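For this one, chain B is given, so just place chain Z on it according to the hints.
There are 2 protein chains.
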Amino acid sequence: MIIAADNLRVTQPTIAKAIEQLDPAPIAAMARRCAEAGADWIDINPGPLNRDPVGRMTFLVETVCAVTTLPLMLDTVNPAAMAAGLAAGRSNRVILNGFSLEPAKLAQILPLAGQYGCDIVGYLLTPDSQVPVSEEECIAVALDLYSAFQATGLSDAQLIIDPVVAPLIWADGPRHNRHLLTLLRTLPDLLGFPVRTIAGLSNLTAGRMPGKIKQAMQRTFLPMLAAAGLNIGLLDIDHPDTVLTARTCTQLLENDIIA
Amino acid sequence: MIIAADNLRVTQPTIAKAIEQLDPAPIAAMARRCAEAGADWIDINPGPLNRDPVGRMTFLVETVCAVTTLPLMLDTVNPAAMAAGLAAGRSNRVILNGFSLEPAKLAQILPLAGQYGCDIVGYLLTPDSQVPVSEEECIAVALDLYSAFQATGLSDAQLIIDPVVAPLIWADGPRHNRHLLTLLRTLPDLLGFPVRTIAGLSNLTAGRMPGKIKQAMQRTFLPMLAAAGLNIGLLDIDHPDTVLTARTCTQLLENDIIA
Chain B
1 MIIAADNLRV
11 TQPTIAKAIE
21 QLDPAPIAAM
31 ARRCAEAGAD
41 WIDINPGPLN
51 RDPVGRMTFL
61 VETVCAVTTL
71 PLMLDTVNPA
81 AMAAGLAAGR
91 SNRVILNGFS
101 LEPAKLAQIL
111 PLAGQYGCDI
121 VGYLLTPDSQ
131 VPVSEEECIA
141 VALDLYSAFQ
151 ATGLSDAQLI
161 IDPVVAPLIW
171 ADGPRHNRHL
181 LTLLRTLPDL
191 LGFPVRTIAG
201 LSNLTAGRMP
211 GKIKQAMQRT
221 FLPMLAAAGL
231 NIGLLDIDHP
241 DTVLTARTCT
251 QLLENDIIA
Chain Z
1 MIIAADNLRV
11 TQPTIAKAIE
21 QLDPAPIAAM
31 ARRCAEAGAD
41 WIDINPGPLN
51 RDPVGRMTFL
61 VETVCAVTTL
71 PLMLDTVNPA
81 AMAAGLAAGR
91 SNRVILNGFS
101 LEPAKLAQIL
111 PLAGQYGCDI
121 VGYLLTPDSQ
131 VPVSEEECIA
141 VALDLYSAFQ
151 ATGLSDAQLI
161 IDPVVAPLIW
171 ADGPRHNRHL
181 LTLLRTLPDL
191 LGFPVRTIAG
201 LSNLTAGRMP
211 GKIKQAMQRT
221 FLPMLAAAGL
231 NIGLLDIDHP
241 DTVLTARTCT
251 QLLENDIIA
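Chains B and Z supply the protein sequences, listed in that same order. Here the UniProt record's numbering is used: the first residue of the first sequence is 1, the next is one more, and so on. Here the UniProt record's numbering is used: the first residue of the second sequence is 1, the next is one more, and so on.
Derived by calculation from the structure, the hints in this document are not laboratory data. Warning: the hint list may mix true and false statements.
With a straight-line cut-off of 20 Å between C-alpha atoms, the simulated EDC-like cross-links for lysine to aspartate or glutamate are [unchecked claim]:
id	chain 1	residue 1	chain 2	residue 2
1	B	K17	B	D40
2	Z	K212	B	D241
3	B	K212	Z	D23
Residues of chain Z clear of chain B, computed beta-carbon distances all greater than 10 Å [as the list claims (entries may be wrong)]:
id	residue
4	P24
5	R32
6	D52
7	G117
8	S147
9	A157
Below, a sample of chain B positions facing chain Z; criterion: calculated Cβ distance under 8 Å [said to hold, decoys possible]:
id	residue
10	L190
11	F193
12	R219
13	L253
Just so it is clear, the structure is predicted and the values come from calculations on it, not from any experiment. Virtual Cβ for every residue (Gly too), placed ideally from N, Cα, C.
The shape of chain B in the complex, shown without the other chains (with noise of 0.2 Å):
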């Protein structure tokens, strides 16, 4: 399993300042925390970037290139931003994060991806944004959005999936996560080819709940989402558990020698 770092946002409050100040140590800091504690990506998430979202996303970029080969996950739902984090990180492997069945990503987001030959996540949404209820729906926006992305010319391989996590406290939470858990089994054979699927830990607990339930709950839904096969945890590299489950999840199922 890849870990994918999700540190680096802006609902952090330092990150958040450093942003807005243009201040490189945090960000920098942060980056090397993350590579330091095993991340093997790194998820950009600035937030939607209102206010010079160029100037912004170009800051961050150059900041964490500077101090990592990692490859980064560029994370907003801002175009331009998107844009000017690909123009920046030339030397890095960038992952575009993401796009989905909603109109302006498809026409706005989805296209860089093309442009820039690069990877790009697809977020398992209706067009307006909703997690889909039924099986049915699922299976529906899985095929949609794959038929949107080959419209790119990209290889299957670039492709990653997000199922969404829904939060536990959402009255539909439980029961669209083990739905999400056979989702994540079915996905291969529905479009036909391997897709990588990364689904994002921190959503899982979102809301008011102690500390210890939280990370509870992360390392023990990570190895059933591992087991139905999820290739990128996208978690919090803080939470030393969890990130020792990833690569626990890593050495029950990928390895045939544990010594």
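Here is chain Z on its own, set in the frame of chain B:
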């Protein structure tokens, strides 16, 4: 998920000594600790009991029944000990652990379940007590085991299948355990009813391995088993991480509302 504690076992020196000396205090203390730590069932594993099987199993079962009403698993290959435990354990529910296709067990252990009308664990092992290698062999063993069980006249709901977790240090251990996940998902369709299943987590990490790694392996594999349909986890009640993981599996897989 039902949590069965595997702590009352002869491989623990204090338990071995207490059995040898027919000293009830350490046995009663351990049974109490299992109950207080949240065990749903207690596995009583005195080994083969070559000396005084009747006296010792009677002593064990009476001692445990005096301090808890929890169901007990009688975990021995000795039919005389099993019969004595059944006779002594009338106040608590008793589960036999267990039989396999080994001729001696089919002849002497399985009939006891029919005679006492109690649940029994069937191990997916070949008639010469080997772990089946191929998927086909696993399926053949499961069908033969079910067929032998049916001859007792017990209802399907009284069978519990143990697909036998392999130690990771075995050359084929990791691969076997991955097949086991598929097998757990297949068993209900294969046998035609929602057969209950049990797995012993300690087997996974048998041998020399740092304690922290053992716990990480167990608490990572358990959710994979649970998502594949496992009903009963046989585990060390003194591993709080594994116990919390078992409880969290139940929340994620069986509850619709998580408060």
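Now the hints, each set against the structure:
1. For the hint pairing K17 (chain B) with D40 (chain B), the CA-to-CA distance comes to about 25 Å; that exceeds 20 Å, so the pair is violated.
2. For a cut-off of 20 Å, the pair hint linking K212 (chain Z) to D241 (chain B) stands: about 11 Å separates their Cα positions.
3. Pair hint K212 (chain B) plus D23 (chain Z) does not hold up; C-alpha atoms about 39 Å apart against a cutoff of 20 Å.
4. Distance check on P24 (chain Z): its Cβ is at least 36 Å (rounded) from any Cβ of chain B, clearing the 10 Å threshold; non-interface status holds.
5. Separation of R32 (chain Z) from chain B is adequate, the least Cβ-Cβ distance of about 25 Å exceeding the 10 Å criterion.
6. Distance check on D52 (chain Z): its Cβ is at least 40 Å (rounded) from any Cβ of chain B, clearing the 10 Å threshold; non-interface status holds.
7. Separation of G117 (chain Z) from chain B is adequate, the least Cβ-Cβ distance of about 35 Å exceeding the 10 Å criterion.
8. Taking the minimum C-beta to C-beta distance to chain B, about 30 Å, the non-interface status of S147 (chain Z) holds against the 10 Å cut.
9. Every CB of chain B is more than 10 Å from the CB of A157 (chain Z) (nearest about 24 Å), matching its label as outside the interface.
10. Evaluation of the L190 (chain B) hint against chain Z yields a violated restraint, the C-beta minimum of about 18 Å exceeding 8 Å.
11. Because the beta carbon of F193 (chain B) sits about 21 Å from the nearest beta carbon in chain Z, more than 8 Å, this interface hint is broken.
12. Given the 8 Å rule on beta carbons, the hint for R219 (chain B) holds: about 7 Å separates it from the nearest Cβ of chain Z.
13. A hinted interface residue such as L253 (chain B) counts as satisfied when its beta carbon comes closer than 8 Å to some beta carbon of chain Z; here the least separation is about 7 Å, so the hint holds.
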